[in-house]
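There are 2 protein chains.
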Amino acid sequence: MFVLGIDPGLSRCGYGAVRQISGETEVVAAGLITTSPSLGLGERLATLLSDVRGLIEELCPEVIAIERILFRTNAKTAMSVGQASGVVHLAAFEFGCPVIEYSASEVKLAVAGYGSAEKIQVQRMIKVLAKLDHTPKPPDIADALGLAFCHLANYSYLALAQRNRST
Amino acid sequence: MFVLGIDPGLSRCGYGAVRQISGETEVVAAGLITTSPSLGLGERLATLLSDVRGLIEELCPEVIAIERILFRTNAKTAMSVGQASGVVHLAAFEFGCPVIEYSASEVKLAVAGYGSAEKIQVQRMIKVLAKLDHTPKPPDIADALGLAFCHLANYSYLALAQRNRST
Numbered sequence: 000m001f002v003l004g005i006d007p008g009l010s011r012c013g014y015g016a017v018r019q020i021s022g023e024t025e026v027v028a029a030g031l032i033t034t035s036p037s038l039g040l041g042e043r044l045a046t047l048l049s050d051v052r053g054l055i056e057e058l059c060p061e062v063i064a065i066e067r068i069l070f071r072t073n074a075k076t077a078m079s080v081g082q083a084s085g086v087v088h089l090a091a092f093e094f095g096c097p098v099i100e101y102s103a104s105e106v107k108l109a110v111a112g113y114g115s116a117e118k119i120q121v122q123r124m125i126k127v128l129a130k131l132d133h134t135p136k137p138p139d140i141a142d143a144l145g146l147a148f149c150h151l152a153n154y155s156y157l158a159l160a161q162r163n164r165s166t
Numbered sequence: 000m001f002v003l004g005i006d007p008g009l010s011r012c013g014y015g016a017v018r019q020i021s022g023e024t025e026v027v028a029a030g031l032i033t034t035s036p037s038l039g040l041g042e043r044l045a046t047l048l049s050d051v052r053g054l055i056e057e058l059c060p061e062v063i064a065i066e067r068i069l070f071r072t073n074a075k076t077a078m079s080v081g082q083a084s085g086v087v088h089l090a091a092f093e094f095g096c097p098v099i100e101y102s103a104s105e106v107k108l109a110v111a112g113y114g115s116a117e118k119i120q121v122q123r124m125i126k127v128l129a130k131l132d133h134t135p136k137p138p139d140i141a142d143a144l145g146l147a148f149c150h151l152a153n154y155s156y157l158a159l160a161q162r163n164r165s166t
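These protein sequence lines are chains A and B, in that order. Under numbering that gives the first Met the number 0, the first residue of the first sequence is numbered 0, with each subsequent residue one higher. Under numbering that gives the first Met the number 0, the first residue of the second sequence is numbered 0, with each subsequent residue one higher.
Hints are computed from structural coordinates only; laboratory data are not their basis. Where hints are given, some of them may not hold.
Stated by the list, open to error - Just a few of them, taken from the derived set where beta-carbon distance is under 10 Å, the chain B residues facing chain A:
hint	residue
1	G41
2	A77
3	L89
4	A91
5	P97
What the hints assert, rightly or not - Taking CB as the label site, the calculated pair distances span:
hint	chain 1	residue 1	chain 2	residue 2	range
6	B	G53	A	S102	32 to 40 Å
7	A	D132	B	M0	57 to 65 Å
8	B	R11	A	R123	39 to 47 Å
9	B	G114	A	G53	40 to 48 Å
10	B	S37	A	C59	22 to 30 Å
Since the model is a prediction, treat every value here as computed from it, not as a measurement. Quick reminder that beta carbons are idealized off the backbone N, C-alpha and C, glycines included.
Please work from the sequences and hints to get the whole structure.
Written as structure tokens, this is what we have:
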């Protein structure tokens with residue numbers, strides 16, 4: 000399984016691609032797509048679309064895991080996150096790549112074993128899972144990797160359940 | 000001045016194009032772009048993008064007036080409206096068409112003369128301004144026309160102020 004986690008955002012859009020083979024995980028790529036606030040909104044979205052297309056084309060993930068946004072933050076951030084997530088869905092559709100959404104609680108549960116875990120606990124676990132010497136920064140990258148690991152955990156669980164059913 | 004008003008939405012995206020020449024307004028086009036909830040989100044956004052592109056290409060508006068979303072509705076609606084508005088900004092950027100955002104209060108003020116006017120009052124005024132026999136339905140079309148009339152009112156006011164300054 001090869002999953003690309005994306006934490007959508009207009010100013011900073013984190014991504015983290017993780018491959019799992021025979022239970023072993025490997026971080027293949029992780030980084031940040033940024034767009035300048037000095038550009039108009041249309042140009043920022045077009046830049047983001049182009050960069051996400053490039054990422055999918057380069058990495059060819061089997062699936063994209065993206066955060067399911069529950070609007071509790073301020074209205075302006077919520078709006079730009081909504082617009083950025085739409086761009087990711089658009090790019091994924093163009094490449095026929097399925098998208099699965101996970102809430103922040105689902106990521107916390109999968110990564111730190113507790114749906115209400117503190118952000119710092121989750122980031123420490125991501126550091127361990129990604130076999131890194133330090134916590135990925137900015138947090139958008141850690142969040143994207145968290146989404147990828149969350150999907151791998153769910154996928155492994157489902158695969159195991161399916162195997163158990165068929166035996 | 001030729002303005003295309005767009006009331007962004009994923010299920011129903013209203014549009015209304017209004018031309019103003021020598022103070023006379025004419026509704027050139029008005030309608031609804033819909034996407035089926037049975038499709039995946041990526042496909043719905045791609046359909047919307049394609050339809051909005053088609054609209055801009057066909058009408059060649061000088062400017063697009065779109066609603067500035069203030070998230071007070073429920074989270075799910077807010078998210079899909081954000082995604083749909085992003086698609087409109089993207090399409091407009093591709094055609095080099097400027098986008099101006101107006102809040103619902105600004106539309107009410109411009110159309111009904113009162114920023115807290117009831118929806119029904121605004122719709123009645125739009126019917127009068129658009130010289131229609133009936134209120135445009137569904138309300139998404141009336142809202143889109145309202146955005147177009149709001150921009151024309153602002154544009155006329157600014158043009159008048161500029162003329163007064165230069166005399």
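Looking back at the numbered hints, which does the structure fail to meet, lowest number first? none
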